[in-house]
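Take the sequences, apply the hints, and build the full model.
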Amino acid sequence: MQDINNLSSKLKSESEKNQLKLIPQLVETGESGYQSLMIWMSSCQGNPVNLAIGKAYQALYQANTPETKKFLQTNFPQGVVPLVSDKNIDYTNLQQLLAQQDFQQADVVTIQKLCELAGSSAMERKWLYFTEVSSFPITDLQTIDWLWRVHSEGKFGFSVQRKIWISVGKDFTKLWPKIKWKDGNNWTRYPNEFIWDLSAPQGHLPLSNQLRGVRVINAILNHPAWSKQ
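All the letters of the sequence shown, read from the start, carry residue numbers 0 to 228 under numbering that gives the first Met the number 0.
Rather than coming from a laboratory, the hints here were simulated on the basis of the structure. Here a beta-carbon is modelled for each residue, glycine too, at the ideal position from N, C-alpha and C. Honestly, I wouldn't trust all of these hints.
What the hints assert, rightly or not - The list that follows gives simulated cross-link-like pairs (lysine-lysine, DSSO-like), each with its CA atoms no further than 27 Å apart:
| hint | residue 1 | residue 2 |
| --- | --- | --- |
| 1 | K181 | K20 |
| 2 | K16 | K154 |
| 3 | K20 | K68 |
As the list claims (entries may be wrong) - Label-pair distances were calculated between CB atoms; the ranges are:
| hint | residue 1 | residue 2 | range |
| --- | --- | --- | --- |
| 4 | K169 | D85 | 26 to 34 Å |
| 5 | K11 | M122 | 44 to 52 Å |
| 6 | S42 | S166 | 33 to 41 Å |
| 7 | N185 | I163 | 14 to 22 Å |
| 8 | E30 | Q99 | 15 to 23 Å |
| 9 | V107 | P76 | 20 to 28 Å |
| 10 | K179 | E30 | 32 to 40 Å |
| 11 | P81 | S42 | 18 to 26 Å |
| 12 | V83 | R124 | 24 to 32 Å |
| 13 | K68 | N5 | 24 to 32 Å |
| 14 | N17 | I38 | 17 to 25 Å |
| 15 | N185 | K162 | 19 to 27 Å |
| 16 | I3 | M122 | 42 to 50 Å |
Structure, rendered in structure tokens:
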């Protein structure tokens, strides 16, 4: 174990990729590590949010000590991702679930939020028509996506799924096995066969009901939100 001063110094100067590796090492040192993370996060305020800041926030959120709770409530009361919405939708619950890495419940809430964006009819039926997706504000889709990415070390999110989809020539039959939604001829069964933690492959979450066909996910992945990031 490297000493706390060395780890803290590296956290300030290393690349985002290395910062992601340093944060768990600081957490292992206990209170002194949390203190270092709080100092570093304070120094990052005003900077663009990145994956390392998201991971540090999660570490302090999950530590749940009186000091870390007070620090986050004072400095990051709504988390590190701005919860912006053009339709006045509250993303606090989604942010909290992702900070806890409760990816299964966060996935459920994501579907609820997409239905909220679509309107009262979608909220009642609890699923989307593909024709409703085009009306989603760019801002809201980017907020949902950024929450997923920041709280998964960049592993999950619609934009992550889109990159993989593009890499396989926009061929959904090739996308499904890549993101483990299908194994051979068998669809992955909900919920037990899905992987609700960071051992999942890139793009595994959030889910879309592919059993209804590809139209909804196709509409999401073709949304102009991703060309304006």
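Verification of the supplied hints:
no., hint, in the structure
1, K181 with K20, "violated, 31 Å"
2, K16 with K154, "holds, 13 Å"
3, K20 with K68, "holds, 23 Å"
4, K169 with D85: 26 to 34 Å, "holds, 28 Å"
5, K11 with M122: 44 to 52 Å, "holds, 45 Å"
6, S42 with S166: 33 to 41 Å, "holds, 36 Å"
7, N185 with I163: 14 to 22 Å, "holds, 20 Å"
8, E30 with Q99: 15 to 23 Å, "holds, 21 Å"
9, V107 with P76: 20 to 28 Å, "holds, 24 Å"
10, K179 with E30: 32 to 40 Å, "holds, 38 Å"
11, P81 with S42: 18 to 26 Å, "holds, 19 Å"
12, V83 with R124: 24 to 32 Å, "holds, 27 Å"
13, K68 with N5: 24 to 32 Å, "holds, 27 Å"
14, N17 with I38: 17 to 25 Å, "holds, 18 Å"
15, N185 with K162: 19 to 27 Å, "holds, 25 Å"
16, I3 with M122: 42 to 50 Å, "holds, 49 Å"
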